[in-house]
Amino acid sequence: MASDLGATGPADLADLVAAAREGDRGAFDEIVRRTYVDTYTLAVRLTATEEDARDVVQDAYLRAWKGIRRFRGDAQFSTWMYRITANTAATVSGKRRRQRTVHLDDVADPVETEVALHPELATENSELMVRLSAALDELPPRLRALVVLKDVYGLSHEDIAEELGISVAAAKVRLHRGRKRMRDLLYEEASHADAV
Amino acid sequence: MPTQCDEIAVLLPQVVDSAEPVALPVQRHVESCLRCQAELARYRRMLRGLQLLRTQYFEPTPGLLAGTLATITAAGERRAVTSVLTKKRLAYAGAVAGAVAAAGTTTVALVVARAKRRALPV
Chain G
1 MASDLGATGP
11 ADLADLVAAA
21 REGDRGAFDE
31 IVRRTYVDTY
41 TLAVRLTATE
51 EDARDVVQDA
61 YLRAWKGIRR
71 FRGDAQFSTW
81 MYRITANTAA
91 TVSGKRRRQR
101 TVHLDDVADP
111 VETEVALHPE
121 LATENSELMV
131 RLSAALDELP
141 PRLRALVVLK
151 DVYGLSHEDI
161 AEELGISVAA
171 AKVRLHRGRK
181 RMRDLLYEEA
191 SHADAV
Chain S
1 MPTQCDEIAV
11 LLPQVVDSAE
21 PVALPVQRHV
31 ESCLRCQAEL
41 ARYRRMLRGL
51 QLLRTQYFEP
61 TPGLLAGTLA
71 TITAAGERRA
81 VTSVLTKKRL
91 AYAGAVAGAV
101 AAAGTTTVAL
111 VVARAKRRAL
121 PV
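Read top to bottom, the protein sequences are chains G and S. With the working numbering applied, the first sequence corresponds to residues 1 to 196, in that order. With the working numbering applied, the second sequence corresponds to residues 1 to 122, in that order.
Worth double-checking, as some hints may not be accurate.
Residues from chain S that face chain G, not an exhaustive set, calculated with beta carbons under 8 Å [unchecked claim]:
no., residue
1, PRO13
2, LEU40
3, TYR43
4, LEU47
5, LEU50
6, LEU53
7, PRO60
8, THR61
9, THR71
10, ALA75
11, ARG89
12, ALA95
13, ALA97
Computed Cβ-Cβ distance ranges for the label pairs, DEER-style [to be verified]:
no., chain 1, residue 1, chain 2, residue 2, range
14, G, ALA134, S, PRO25, 34 to 42 Å
15, G, ASP74, S, GLY104, 28 to 36 Å
16, G, SER167, S, ALA99, 55 to 63 Å
17, S, HIS29, G, GLU22, 33 to 41 Å
18, S, VAL100, G, ALA169, 21 to 29 Å
19, G, ASP74, S, ALA99, 50 to 58 Å
20, S, ARG35, G, GLU51, 17 to 25 Å
21, G, THR91, S, ARG28, 23 to 31 Å
22, S, ALA101, G, PRO141, 53 to 61 Å
23, S, PRO21, G, ARG34, 57 to 65 Å
24, G, GLY165, S, VAL10, 24 to 32 Å
25, G, ALA134, S, ALA38, 18 to 26 Å
26, G, THR91, S, THR106, 27 to 35 Å
27, G, LYS66, S, HIS29, 48 to 56 Å
Far from chain G by the CB rule (all over 10 Å, computed), these chain S residues [as the list claims (entries may be wrong)]:
no., residue
28, VAL16
29, PRO25
30, GLN56
31, THR68
32, VAL96
33, ALA103
34, ARG117
In case anyone wonders, no lab produced these hints; they're calculated from the structure. From the three backbone atoms N, C-alpha and C, an ideal C-beta is built for every residue, glycine too.
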């Protein structure tokens, strides 16, 4: 089906989603154009490799297109897409873990787009975020997924548990361990560096 | 660090975002202990920083958008081809079933006719 939304100018994402649910492929393509950078960023955070992130993005949008009719619209599209991406990343990472070792050098440098306005704060935040990104990459994938999905993207324990195929209690335990490991990586390394 | 601080340090990753209820003795200890307050502040700073990561985006690799759209198109075409093949298979199976049924009916009719002819008095 051809999209008639493009002819009237930029449409609201909700309108595009409604059209895509009716089978409008053009509307879905526009959704992909508007959201794929966000989805790719989440995929990189979850998989820690550029190659896997590409696969995750392609699979995630394919799943989203096949399942768009089931999207009820009671949550934001972005949250729904994050859940699909998390589920896809878990599948891809599971396959990859059995195939090869991870090459962290593959990951692209992040592009900051909305970081604080005050120069000092921006510098402080940039430094913190570089350290946080490095610490996240150090986490085992199962703990990293929890910290990224809960603390960066704000998904609920219930949603995370469902997409990762674990219990809510297990999700909470992994988050707890992930945060503790992050804290150790961030502050114990820093105090060690200060001591040296 | 006193034992109680160690015990509370274990709880801090869980209680830092206040999603979980904090026991009153823990709350009272943190309020009166500078070490635990500092530890809690580290966790809070870490969480704020993690939330800020949401404002960073990775530059997608070239061709990702085109590749993603092509993947969806290819899957749609595969599904269409599968659908056509399924329909063709169904039509073929229907035709074969019809032919078999017709042959069976004809055979039965011939057998019945022959039996009737044999039964007639000469």
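Hints versus structure:
no.	hint	verdict
1	PRO13	4 Å, holds
2	LEU40	11 Å, violated
3	TYR43	6 Å, holds
4	LEU47	6 Å, holds
5	LEU50	4 Å, holds
6	LEU53	5 Å, holds
7	PRO60	5 Å, holds
8	THR61	6 Å, holds
9	THR71	5 Å, holds
10	ALA75	6 Å, holds
11	ARG89	23 Å, violated
12	ALA95	32 Å, violated
13	ALA97	33 Å, violated
14	ALA134/G to PRO25/S: 34 to 42 Å	36 Å, holds
15	ASP74/G to GLY104/S: 28 to 36 Å	56 Å, violated
16	SER167/G to ALA99/S: 55 to 63 Å	57 Å, holds
17	HIS29/S to GLU22/G: 33 to 41 Å	58 Å, violated
18	VAL100/S to ALA169/G: 21 to 29 Å	59 Å, violated
19	ASP74/G to ALA99/S: 50 to 58 Å	53 Å, holds
20	ARG35/S to GLU51/G: 17 to 25 Å	44 Å, violated
21	THR91/G to ARG28/S: 23 to 31 Å	46 Å, violated
22	ALA101/S to PRO141/G: 53 to 61 Å	59 Å, holds
23	PRO21/S to ARG34/G: 57 to 65 Å	40 Å, violated
24	GLY165/G to VAL10/S: 24 to 32 Å	27 Å, holds
25	ALA134/G to ALA38/S: 18 to 26 Å	23 Å, holds
26	THR91/G to THR106/S: 27 to 35 Å	55 Å, violated
27	LYS66/G to HIS29/S: 48 to 56 Å	52 Å, holds
28	VAL16	7 Å, violated
29	PRO25	19 Å, holds
30	GLN56	4 Å, violated
31	THR68	5 Å, violated
32	VAL96	33 Å, holds
33	ALA103	43 Å, holds
34	ARG117	63 Å, holds
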